[in-house]
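Asker: Protein sequences appear in the order of chains A and B.
The first sequence begins at 8 in our numbering and counts up one residue at a time.
The second sequence begins at 23 in our numbering and counts up one residue at a time.
Hints are computed from structural coordinates only; laboratory data are not their basis.
Hints are not guaranteed to be accurate.
Stated by the list, open to error - Dumping the calculated EDC-like pairs for lysine to aspartate or glutamate here, alpha-carbon to alpha-carbon at most 20 Å:
no. : chain 1 : residue 1 : chain 2 : residue 2
1   : A       : Lys12     : B       : Glu157
2   : B       : Lys69     : A       : Glu226
3   : B       : Lys297    : B       : Asp253
4   : A       : Lys28     : A       : Glu74
5   : B       : Lys99     : A       : Glu125
6   : B       : Lys244    : A       : Glu214
7   : B       : Lys111    : A       : Glu25
8   : A       : Lys28     : A       : Asp129
9   : B       : Lys217    : B       : Asp188
10  : B       : Lys106    : A       : Glu25
11  : B       : Lys106    : A       : Glu214
12  : B       : Lys106    : B       : Glu38
13  : B       : Lys69     : A       : Glu125
14  : B       : Lys245    : A       : Glu64
15  : A       : Lys229    : A       : Glu178
16  : B       : Lys244    : B       : Glu157
17  : A       : Lys198    : B       : Glu247
18  : B       : Lys111    : A       : Asp15
Source: prediction; values computed, not measured.
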Amino acid sequence: MALLKEEDRQYLENLFRENLKDKVKIILFSEKAAGSKLVVPGRIECPYCQQTREILEELTGLSDLLELEVHDFLTDEIIAKKYNVDKIPAILFEKNNNVLGVRYFGIPSGYEFSSLIEDLIDISRGETQLSPTTKSFLKTVDKPVHIQVFVTPTCPYCPRAVRLAHQFAMENPLITADMIEAIEFPHLAEKYEVTGVPKTIINEKVEIEGAVPENVFLEYFKSALKD
Amino acid sequence: MDFISIAKPMDKIEEEQEVIILGGGPAGLTAGIYAGRNLWKTLIIEKAIIGGNAALTEKIDNYPGFPEGITGEELVKRMEIQAKKFGSKILEADVLNFRIDGIWKIIETSNGIYRAPTLIIATGTRPRKLEVPGEEEFTGKGVSYCAVCDGAFFTGKRVAVVGGGDSAVEEAIYLTKFAEEVILIHRRDTLKAEKITQQKAFSNPKIKFLWSHIVKAIEGDKKVERLILQDLKTNEIKQLPIDGVFIYVGLIPNTEIFKDILNLDKDGFIITDEKMHTSVPGIYAAGDVRGKILRQIVTAVADGAIAGMEASKFLEDIKYNKEV
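So here's chain A without its partners, still in its complex pose (with noise of 0.2 Å):
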């Protein structure tokens, strides 16, 4: 059965037609025996990667803009490294021939698929929402920062901390961001000590709680750079 409504299908063919512009590959990392119930030795427990999947086939099959890309998880370990993928279910997108630092570790679902829908149309125009004084500083980084922003899939002030961050990684190649869904990687909600969403970390250092403008996390976002 279709994850997507009928309506939402439509809706959506309409908003690509009507805003894409450039060709966008999506690459999921995902595993190939997704959805078995077979026991296979090495085998990591994915229970959301089979619906990342679905869903991102169904949106794929939306635009003749958008490809997908399938990544195996274990048996395509070089190019899990190469692109720094070291949790499933992982999107990644090319445009260009170049892989963003735009990523969503976890299934894009409930509240953070209209991030997805938000990132893709930015990522196809080749722009973003940001105001000019963001795009400038933005400009100006010259080492890598790595944004990780913590969510569920209930929660409705995380696709704005999502949507900023990813924004921040389409306006230079030195920024990462992650989408981390923190109900799928409890270890990781438990590392960053996350028991509230949205949750961003930057850098290993300066913590955000809650959703907040984009002015003040350009200042958090600063803060972090410092030495």
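Given chain A, put chain B in place with the hints provided.
Answerer: Relative to chain A, chain B alone:
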């Protein structure tokens, strides 16, 4: 928040609208439907969540027309589609500043400046804080104001809910999906929530009640570990070991930027007449942000409809020339 620097996009030109609606909850979206159906160029500005607080409610059982109940998410999504269908545009942005220049109501946002002869304020409310030691420090570390967001982190744990109104009792019931035990702490000895909700809570074996108690402090090392409570009947101070605390003790209206311009009541809600008119012609208030007796989705949409129609009348009265 420790620091806030307000960006002032001074060099941008104001974009002209006919109706500007602040807030994309049920009141704002309904105002958008009514203004849009009268063919006015309508912009809805929302800072965080389309659907507002209603989107945070897991299930809504008292909105007429949905006898089986409907999730908050689904209901507001339908309102959003309906508002867009009739031509309202939705902008996600923070409102930074507001001023009046003659007929124009000018809204400075984080994403452009907009002006229109009519403004509908449907900015709603935010959760009231307990204002006790530890609350700020442990926000996101066991203190939460959003059960649907954070409930799953307390699977198999023991949580407290503070409050006695509809939100507190409904969220206490919701949290029993995850938590082993939910302790509802209320300052009075009866609940204010709807009777049917109370019944559900009383019959839920996971919910315990602590009547006539108030929270004096939230304590812990790195995260919430216990509450310091006061029994109002005996004045005794007690400790309650707990993993998390969800706070539902009332609402604060989002009216700060209007306080020098509009008449507000003593709690900060906007005073309107039954036509949703505020103290300034062309400015209307609708939904929870307005001083009123019942804050429900069904009353919010009613306010929104009236405000949308009154804004339409205002635009016609001033013979505002529409650019078609």
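Asker: None of the hints should be skipped; say for each whether it holds.
Answerer: Taking the hints in turn, this is what the structure says about them:
Proposed proximity of Lys12 (chain A) and Glu157 (chain B) is contradicted: the alpha carbons are some 42 Å apart, above 20 Å. For the hint linking Lys69 (chain B) to Glu226 (chain A), the alpha-carbon distance of about 19 Å falls within 20 Å, and the restraint holds. A distance of roughly 45 Å separates the Cα atoms of Lys297 (chain B) and Asp253 (chain B); the hinted pair therefore is violated under the 20 Å criterion. For a cut-off of 20 Å, the pair hint linking Lys28 (chain A) to Glu74 (chain A) stands: about 14 Å separates their Cα positions.
The suggested pairing of Lys99 (chain B) with Glu125 (chain A) holds, with an alpha-carbon distance near 16 Å, which does not exceed 20 Å. Proposed proximity of Lys244 (chain B) and Glu214 (chain A) is supported: the alpha carbons are some 14 Å apart, at most 20 Å. A C-alpha spacing of about 15 Å is found between Lys111 (chain B) and Glu25 (chain A), which places the hinted pair at or below 20 Å, so the restraint holds. This hinted pair checks out: Lys28 (chain A) and Asp129 (chain A) have alpha carbons roughly 9 Å apart, not beyond 20 Å.
For a cut-off of 20 Å, the pair hint linking Lys217 (chain B) to Asp188 (chain B) stands: about 10 Å separates their Cα positions. With a C-alpha separation of about 15 Å, the suggested pairing of Lys106 (chain B) with Glu25 (chain A) holds against the 20 Å cut-off. A distance of roughly 36 Å separates the Cα atoms of Lys106 (chain B) and Glu214 (chain A); the hinted pair therefore is violated under the 20 Å criterion. Taking the CA atoms of Lys106 (chain B) and Glu38 (chain B), the gap is near 18 Å; set against the 20 Å cutoff, the hint holds.
At most 20 Å may separate the alpha-carbon atoms for a hinted pair to count; Lys69 (chain B) and Glu125 (chain A) meet this at roughly 16 Å. For a cut-off of 20 Å, the pair hint linking Lys245 (chain B) to Glu64 (chain A) is broken: about 41 Å separates their Cα positions. With a C-alpha separation of about 15 Å, the suggested pairing of Lys229 (chain A) with Glu178 (chain A) holds against the 20 Å cut-off. Straight-line distance between C-alpha atoms of Lys244 (chain B) and Glu157 (chain B) comes to about 13 Å, which keeps the hinted pair within the 20 Å bound.
At most 20 Å may separate the alpha-carbon atoms for a hinted pair to count; Lys198 (chain A) and Glu247 (chain B) meet this at roughly 18 Å. Taking the CA atoms of Lys111 (chain B) and Asp15 (chain A), the gap is about 19 Å. The hint holds against a cut of 20 Å.
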